[in-house]
Amino acid sequence: MSLIKIKICGITNLADARAAIAAGADMLGFNFYRPSPRFITPQDARTMIESLRSQIRALPRTITMVGVFVNEPTESIVRIAAEAGVAAIQLHGDESAEFCRELKALLPDRFLIKALRARGDAATEHATEFNVDAIMLDAFDDELRGGTGRTVDWSLARHTRDAVPRLFLAGGLSPENVRAAIDAVQPYAVDACSALESSPGHKDAERMDAFVRAVRNG
Numbered sequence: 001m002s003l004i005k006i007k008i009c010g011i012t013n014l015a016d017a018r019a020a021i022a023a024g025a026d027m028l029g030f031n032f033y034r035p036s037p038r039f040i041t042p043q044d045a046r047t048m049i050e051s052l053r054s055q056i057r058a059l060p061r062t063i064t065m066v067g068v069f070v071n072e073p074t075e076s077i078v079r080i081a082a083e084a085g086v087a088a089i090q091l092h093g094d095e096s097a098e099f100c101r102e103l104k105a106l107l108p109d110r111f112l113i114k115a116l117r118a119r120g121d122a123a124t125e126h127a128t129e130f131n132v133d134a135i136m137l138d139a140f141d142d143e144l145r146g147g148t149g150r151t152v153d154w155s156l157a158r159h160t161r162d163a164v165p166r167l168f169l170a171g172g173l174s175p176e177n178v179r180a181a182i183d184a185v186q187p188y189a190v191d192a193c194s195a196l197e198s199s200p201g202h203k204d205a206e207r208m209d210a211f212v213r214a215v216r217n218g
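Per our numbering, the sequence shown runs over residues 1 to 218.
Rather than coming from a laboratory, the hints here were simulated on the basis of the structure.
Everything numeric in this text was worked out from a predicted model, so none of it was measured.
Where is the CB? At the ideal position from N, CA and C, for every residue including glycine.
Take the hints with a grain of salt, since some may be wrong.
As a list, the in silico SDA-like pairs of lysine to any residue whose alpha-carbon atoms are at most 20 Å apart [to be verified]: (1) Lys5 / Glu129; (2) Lys5 / Ser199; (3) Lys5 / Pro175; (4) Lys5 / Ser198; (5) Lys5 / Arg61; (6) Lys5 / Ala180; (7) Lys5 / His126; (8) Lys5 / Phe111; (9) Lys5 / Ala195; (10) Lys104 / Gly93.
Label pairs and their calculated CB-CB ranges [as the list claims (entries may be wrong)]: (11) Thr74 / Glu206: 33 to 41 Å; (12) Thr64 / His126: 22 to 30 Å; (13) Glu50 / Gln186: 31 to 39 Å.
Model the full assembly from the supplied sequences, consistent with the hints where possible.
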């Protein structure tokens, strides 16, 4: 199996971004959903991304910047993605399969991820409806859109993985459980956020290091 990608989401400041890259992350997530405690403006994200260029150029791997959106109109996503300079888009709301098709037609060169909040078998049933580059499975919460700290049913995630081109596994992943999650699901990528923080929006460099080591050395 190819090397599993590591996405660290909810980056809000340059120090955390640098630490995530130094730890070994392949993708950084910037949350453009205003109610989130990890919200960042597109302008601040662009400034951060530009500041990271010299660090990224020195690396033997590609770092993908991901913009996270929740129920945002297509025209806003197109504008914000360009303004922030992100190469990938993660839809973490109630976006339909038709919405995803329309957005992909508008932004064919952007890597498109559709997040589904797992609750029962519904996520698996609907995952194949989306013509996207990857499906993400995250834990369901009545109020929060990601960053819940809850895990998903890994057997359900494995079933979903077999049905879609690429699966991102999210939901309560931490240095302590990510290896077991990988062994159970064998995803394309793992995504972590709240378990790597000292407080919402502020990452813990040691936790990020430990997470990457668990993924790579397990």
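The hints, checked one at a time:
1. For the suggested pair lysine 5 and glutamate 129, the alpha carbons sit about 24 Å apart, so the restraint of at most 20 Å is broken.
2. The hinted pair formed by lysine 5 and serine 199 fails the criterion: a straight-line CA distance of about 24 Å is larger than 20 Å.
3. Restraint check for lysine 5 and proline 175: the C-alpha separation of about 15 Å stays at or below 20 Å, so the hint holds.
4. Under the criterion of a C-alpha separation no larger than 20 Å, the hint pairing lysine 5 with serine 198 is inconsistent with the structure, at around 23 Å.
5. Of the pairs offered as hints, the one joining lysine 5 and arginine 61 holds, with about 11 Å between alpha carbons and a cut-off of 20 Å not exceeded.
6. For a cut-off of 20 Å, the pair hint linking lysine 5 to alanine 180 stands: about 16 Å separates their Cα positions.
7. Note on lysine 5 and histidine 126: the hinted pairing is violated, with a Cα-Cα distance of about 24 Å set against a maximum of 20 Å.
8. Proposed proximity of lysine 5 and phenylalanine 111 is supported: the alpha carbons are some 14 Å apart, at most 20 Å.
9. Between lysine 5 and alanine 195 the alpha-carbon distance is near 17 Å, which keeps this suggested pair within the 20 Å criterion.
10. With a C-alpha separation of about 16 Å, the suggested pair lysine 104 and glycine 93 falls inside the 20 Å cut-off, and the hint holds.
11. Between threonine 74 and glutamate 206 the Cβ separation comes to about 40 Å, which falls inside the hinted range of 33 to 41 Å.
12. In this structure the hint that threonine 64 and histidine 126 lie 22 to 30 Å apart at CB holds, the actual value being about 25 Å.
13. For the pair glutamate 50 and glutamine 186, the beta carbons lie near 36 Å from each other, so the given range of 31 to 39 Å is met.
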